[in-house]
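One letter stands for each residue in the lines below.
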Amino acid sequence: METLEQIRARLLLAYPAAQITFVTNPGPAAEHSLLIEATHAVEIARWLRDDTALRLDYCSNATGVDWPDKTITDVTTTTEPDPAGGPAKTVETKTARLQPGYLEAIYHLYSIALKQGPVVIRLRTANRTDAVTLPSLTPIWRSCDFQEREIFDLYGIIFTGHPDLRRLLMWDEFKDHPMRKDYVEPDDYEWEPTAHGAVLERAKPHQSAAAAPAPKTGGTP
Amino acid sequence: MSDPVASPTPFPAAGNISDAEREDLRRHGILMTSLEELHNWGRSNSIWPLQFGLACCAIEMIAAATARFDIARFGAEIFRPSPRQADLMIVSGTVTKKMAPQVIRLWNQMPEPKYCIAMGACAISGGPFKQGYNVLKGIDRFIPVDIYIPGCPPRPEALLNGLIQLQKQIKAEQLTGPNAARFTRPEEPSEFPIPAYGAHDLVPTKNDAVWAPPTPEAKA
Amino acid sequence: MNPFTPSAPAPFASAPGPTVRAVHDEFHGDLLEVSMGPQHPSTHGVFRMVATLDGEQLVKLKPVFGYLHRNHEKIAENTTYLGSMPYTDRLDYLCSMSTNWAYALAVEKLAGQAVPERAQYLRIIMAELTRLVNHSCLVGFLFNDLGTSFTPLLYAFREREKIIDLFEALSGSRMMCNYQRFGGCRVDPTPEWLAAAQQLVDNFPRFLDEYERMLTGNEIMLARTQGVGRLDATHAINAGITGPVLRASGVDYDLRKVDAYGFYAQFDFRVPLGAHGDTYDRYMMRILEMRESVKILQQAFKRLPAGPIMDPKAKLRGFRPKAGEAYGRLEGPKGELGFFLISDGSPNPYRYRVRPPSLINLTLLEEMCLGHTIADAVVILGSIDIVLGEVDR
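Chains as they are written, first to last, in my numbering: chain A, 5 to 225; chain B, 23 to 242; chain C, 77 to 469.
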């Protein structure tokens with residue numbers, strides 16, 4: 005199969021206006037990916053599916069990822085010559101910058117016809133609060149149907165063009181998007197009988213608050 | 023049939039005859055019993071469970087019904103798909119918050135006398151999935167549970183043991199008098215309120231009339 | 077607080093909707109909308125279908141998920157890599173061994189971890205034994221849906237118990253084996269275990285013959301399955317359907333051959349393919365795959381090498397893969413089971429995602445069922461082979 009750089013080059017030939025970024029995967033798996041701008045995503049996805057050399061007819065996996073706002077500290081080292089004529093001093097200046105958060109949808113594409121793959125493409129939203137819309141790839145690969153509904157449910161990405169965008173796992177009245185990193189889960193750890201550290205911590209405030217009332221019926225296994 | 027009574031049970035004897043006298047009569051071919059005892063004997067040996075599996079434990083529940091473990095030996099092999107025909111609800115698996123209203127509805131639809139077994143760690147307390155946002159931390163927060171079977175999942179033998187414990191409980195139940203069983207008392211609830219799906223959680227998160235967190239033991 | 081007395085106020089609102097209601101449709105006239113599940117004897121757990129019926133024929137069918145959504149992914153992101161291994165047992169609780177392997181495969185890919193030869197063979201043995209458990213039970217459940225009321229399932233569970241006993245002897249638990257580790261396996265089987273397993277595998281074709289004699293040619297079964305729930309190859313590929321369901325439609329795509337993960341490249345086996353993509357083909361696919369699995373197992377027992385079962389460089393404590401991401405997948409008994417992991421260098425995965433074959437194989441359930449009767453929908457669902465722990469996670 006072609007390398008991802010070659011695919012990117014061919015894509016840029018076909019869609020000169022599109023912005024396609026090569027995202028390196030630093031891990032040992034080295035499955036690099038292409039970050040595709042949302043406006044051209046559907047056309048590019050169709051091209052990937054129908055191109056005779058690729059024929060990525062099978063979208064195996066669609067994943068949502070939450071990347072919250074992150075403060076990145078850049079350390080720049082500069083050498084300043086000492087005015088007194090001594091050895092040059094190295095000065096480290098730290099600048100903190102805020103990297104705005106975004107939500108991401110990652111698609112793993114394979115070709116069943118040519119038995120090759122994967123090609124990983126990613127789409128990113130502009131931010132995590134209001135501009136959380138991405139084009140749906142369900143019209144291209146039907147297998148994204150439930151997976152995009154799940155991403156909508158758990159991450160809150162709104163997929164435009166999805167035929168039936170409803171919550172998949174949680175009930176319809178549910179308001180939160182629980183897989184986001186800043187989700188606060190309901191606190192119902194009133195009672196924790198096992199010595200499970202993480203859960204015991206959460207049960208503590210309840211236990212100190214309600215020390216007095218005895219159970220009315222049942223409850224003690 | 024000369025052996026003594028197999029189980030030194032707390033069964034109420036018929037009238038004022040002691041167990042030894044009853045046994046003596048039985049050796050002479052006279053069987054003395056009370057209606058209550060006969061009734062409980064019949065009920066405890068023909069428990070019809072609700073055919074209703076939630077998660078992993080359901081597979082072990084099915085295994086308990088197959089030839090190797092053979093729940094039919096205890097008269098509980100008739101799994102009924104309809105709650106209207108069932109005596110026993112085996113909550114076999116994780117009860118999620120999305121599923122909890124349905125479980126309580128099923129319980130409400132079962133006719134009295136009815137019993138509930140919480141099978142497995144999840145049904146008891148949320149088990150390994152306790153930290154999940156959609157996991158109900160024990161079915162006993164909404165409905166009363168008679169027997170708890172720990173394990174993840176409990177082996178079929180454990181389920182059978184739980185069933186035997188339930189049979190013992192049924193056999194000890196009194197139908198009249200001040201200590202009469204729960205289902206004979208009209209003031210005891212038979213149906214329980216069903217929580218609604220809320221914006222962040224079930225509303226309410228527990229039924230305070232059924233369950234309250236036990237007081238933590240004071241550390242010495 | 078007795079709800080029977082009319083004076084007692086309802087303490088909190090109840091939310092049940094109607095399970096059966098009449099709906100009107102411009103084309104079909106008066107229809108009936110029936111909610112099947114989440115408690116229904118035929119839906120394999122807590123799956124729910126909202127079926128719209130014209131007489132007995134299905135006009136619309138909408139699956140409803142989430143009744144077993146146990147937040148596996150969220151819990152896994154808050155625990156260590158190894159800490160999620162027992163949770164993967166509970167994903168597909170009929171096939172814990174192969175789910176373990178899929179997760180170990182993804183983590184090994186993420187961390188660049190090698191696996192010794194003996195462990196690879198043991199993994200194949202466990203995965204194929206799991207396939208035997210899964211397929212034989214599935215066939216039993218499928219016949220339950222056809223109306224045999226438990227009988228074939230008794231035979232399937234008889235065989236399952238034998239294999240489960242082996243798993244228990246090895247791992248300590250009947251169903252939740254928690255057997256694979258990153259870089260190998262947890263326990264080395266004794267020669268007695270291997271001999272018992274070999275004997276079981278040698279006897280397995282006899283069970284399959286017995287099973288087939290009872291089921292395959294059955295007239296009612298043929299009438300109820302042939303031509304029911306057809307799925308054509310193009311749609312199946314586009315909908316991401318994998319595993320025996322895809323191969324029943326005639327698509328030659330088995331990850332054991334395509335990816336040749338583990339040591340599958342060294343094994344001689346065939347990939348059975350269907351021609352019609354109907355329920356009957358999906359049933360036959362399971363039977364034929366079991367026969368192929370027996371072949372793989374016999375080769376594995378013959379060639380099982382000696383050696384360590386864990387890579388000496390593998391780290392169990394303080395396991396922190398380098399930042400990066402990896403998607404590992406294998407041919408589970410139900411289809412392509414994948415794990416997608418993003419590491420940020422910490423002991424917990426930053427993103428942990430399960431690609432559930434059971435869920436994605438249901439994508440075309442409505443299309444497969446439309447025009448059939450509701451009783452056929454139950455059979456079609458049974459032939460897809462779902463496990464709710466994996467569908468909802």
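Just so you know, not all the hints are guaranteed correct.
[Claimed, not checked] Computed footprint of chain B on chain A; a stretch qualifies when at least three of its residues, placed anywhere within it, have a C-beta under 8 Å from a C-beta of chain B:
1. 71 to 79
2. 120 to 133
[As the list claims (entries may be wrong)] Sample of chain C residues at the chain A side, in silico, Cβ under 10 Å:
3. Asn314
4. Arg332
5. Phe416
6. Ile450
Honestly, the hints are just simulated from the structure, not real lab data.
Ideal Cβ positions, reconstructed from N, Cα and C, are used throughout, including at glycine.
(Q) Hint phenylalanine 416 of chain C vs chain A: min CB-CB distance below 10 Å? (A) Phenylalanine 416 of chain C check passes; min Cβ-Cβ to chain A is 5 Å, inside 10 Å.
Q.
Hint validation: isoleucine 450 of chain C versus chain A, beta carbon distance must be below 10 Å. Holds or violated?
A. violated, 22 Å
(Q) Would the hint on arginine 332 of chain C be counted as holding, given a Cβ-Cβ threshold of 10 Å to chain A? (A) Check failed: Cβ of arginine 332 of chain C comes no nearer than 13 Å to chain A, outside 10 Å.
Q: For the hint on asparagine 314 of chain C, just tell me whether its beta-carbon gets within less than 10 Å of chain A.
A: holds, 5 Å
Q. Are 3 or more residues of the segment 71 to 79 of chain A near chain B, judged by a Cβ distance of less than 8 Å?
A. Not satisfied, violated; 0 residues make the cut.
(Q) Please verify the coverage claim for the segment 120 to 133 of chain A: does it have three or more residues whose C-beta sits within 8 Å of some C-beta in chain B? (A) Three-residue rule not met by the segment 120 to 133 of chain A, so violated; n is 0.
Against the hints set out earlier in the document, violations occur for numbers 1, 2, 4, 6.
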